[in-house]
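Undergrad: Chain residues, written in single-letter form:
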Amino acid sequence: MSEKKKTNIILFSGDYDKAMAAYIIANGAAAYDHEVTIFHTFWGLNALRKDESIQLKKGLLEKLFGKIMPRGANKMGLSKMNYAGFGPKMIKDVIKKHNAMPLPDLIEMAQDQDVNLVACTMTMDLLGLQKEELLEEIEYAGVAAYLGDAEDGNVNLFI
Amino acid sequence: MSEKKKTNIILFSGDYDKAMAAYIIANGAAAYDHEVTIFHTFWGLNALRKDESIQLKKGLLEKLFGKIMPRGANKMGLSKMNYAGFGPKMIKDVIKKHNAMPLPDLIEMAQDQDVNLVACTMTMDLLGLQKEELLEEIEYAGVAAYLGDAEDGNVNLFI
Amino acid sequence: MSEKKKTNIILFSGDYDKAMAAYIIANGAAAYDHEVTIFHTFWGLNALRKDESIQLKKGLLEKLFGKIMPRGANKMGLSKMNYAGFGPKMIKDVIKKHNAMPLPDLIEMAQDQDVNLVACTMTMDLLGLQKEELLEEIEYAGVAAYLGDAEDGNVNLFI
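Chains as they are written, first to last, in our numbering: chain A, 18 to 176; chain B, 18 to 176; chain C, 18 to 176.
No wet-lab data here; the hints were simulated from the structure.
Hints may be right or wrong, so weigh each one.
Heads up, the list lumps identical chains together, so a pair's fine if it works in one copy or across two of them.
Below are the BS3-like pairs computed for lysine-lysine, each with C-alpha atoms no more than 27 Å apart in a straight line [as the list claims (entries may be wrong)]:
| # | residue 1 | residue 2 |
| --- | --- | --- |
| 1 | K84 | K21 |
| 2 | K92 | K109 |
| 3 | K21 | K148 |
| 4 | K114 | K74 |
Quick caveat, the model's predicted, so the values are computed rather than measured.
Excised from the complex, chain A in its bound form (with noise of 0.2 Å):
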């Protein structure tokens, strides 16, 4: 077994802010050398998913998920003042100014520093997800995957 600290995160908001947040502890972690995982579910896949549309055979409910729900990181939408996806733009807008990483560099980053992300397979089944949606090199697993992570964790967050 490893001797390194371990981080776990739970991302199961499909909120801008709070996948920021999540990132930003991540990202932390591995520069401490912490092993950094992210296990995606529900509502947190959605940072996962590439930004164009991609042609699947869905079923009509799936189909309507994957419309309603955001494709990415980029269009997610702010836990509070959202104002109809003016939050979003003014939280963009203050993190270019002070020079801060948006989403989807943070997640590049985390990728850089071999950030384990993972997505929560029962849950992309639920909301009819498929690979061929979500960003190259991610993990597949289930919650029996993330509790053998998190038993041993030092730090293990669920946002």
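Based on the hints, put chains B and C in the right spot on chain A.
TA: Positioned in the frame of chain A, the structure of chains B and C alone reads:
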């Protein structure tokens, strides 16, 4: 002291999807032989309400909370895309279609697996909820009991 | 290194009820002699704002965030059933009726118990919040300091 690994979840949220996540993790951890506790506080208490109306003597504010809050797991809304109740219907439809378990079944499974379901007495008092309104075989405790469990916990989550 | 048990809470949420939960857990843990830290980030920073208006030189976006966001714990809304401010009033009424502590008192109690109240400097910068606007005796730190505390923590929560 038990040598079992421990998972302690605070369920604060009254959202159907978040409660599902809590109970899926709890049931998974119980299957992996963890000692598991879900501590229900604030809106999370609604997951433990019986679905029938129970006549009890209550103050006006407490009656009002009782009316407004969902009576039981099956009546809870979604954290995202609730659409006045259409979202929960969609989720329940995909759960059925994919042979996944709806929330009331997940709660029953947790009880069968001896997951400790705890209701926070302080917030029951605040929201005017009484034992007669909650499921049978629930435990009642406060923040001290939670901390006693969590300080030796392997997986502690706030949902 | 201290032999005390450690509780580390990230308060991301700007909701009155979630902040209450954070401070109730923090005060409980402090009473049980844990070393306790609440790391306020994003909307959670609003719990640390003074309630008076402080005149400061700010950019336009930062001024706008300052206006929109609640000025201090007492002005925060609820995560559920906010009803344009009626929900918080109901909660404050039941808190009073049941002799529980409102949020500003919980924060004061935490300070009296030497809970470390930390403001996240990165998100202060993003939201344009300045030290002059926040309560006295607050610490200022970033994600590295959080991780340093949390990696040895017994109870780590994201609220």
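Undergrad: Confirm or reject each hint.
TA: We went through each hint and held it up to the structure:
no.: 1; hint: K84 x K21; verdict: neither (41 Å within a copy, 44 Å between copies)
no.: 2; hint: K92 x K109; verdict: both (11 Å within a copy, 26 Å between copies)
no.: 3; hint: K21 x K148; verdict: neither (30 Å within a copy, 36 Å between copies)
no.: 4; hint: K114 x K74; verdict: between (42 Å within a copy, 16 Å between copies)
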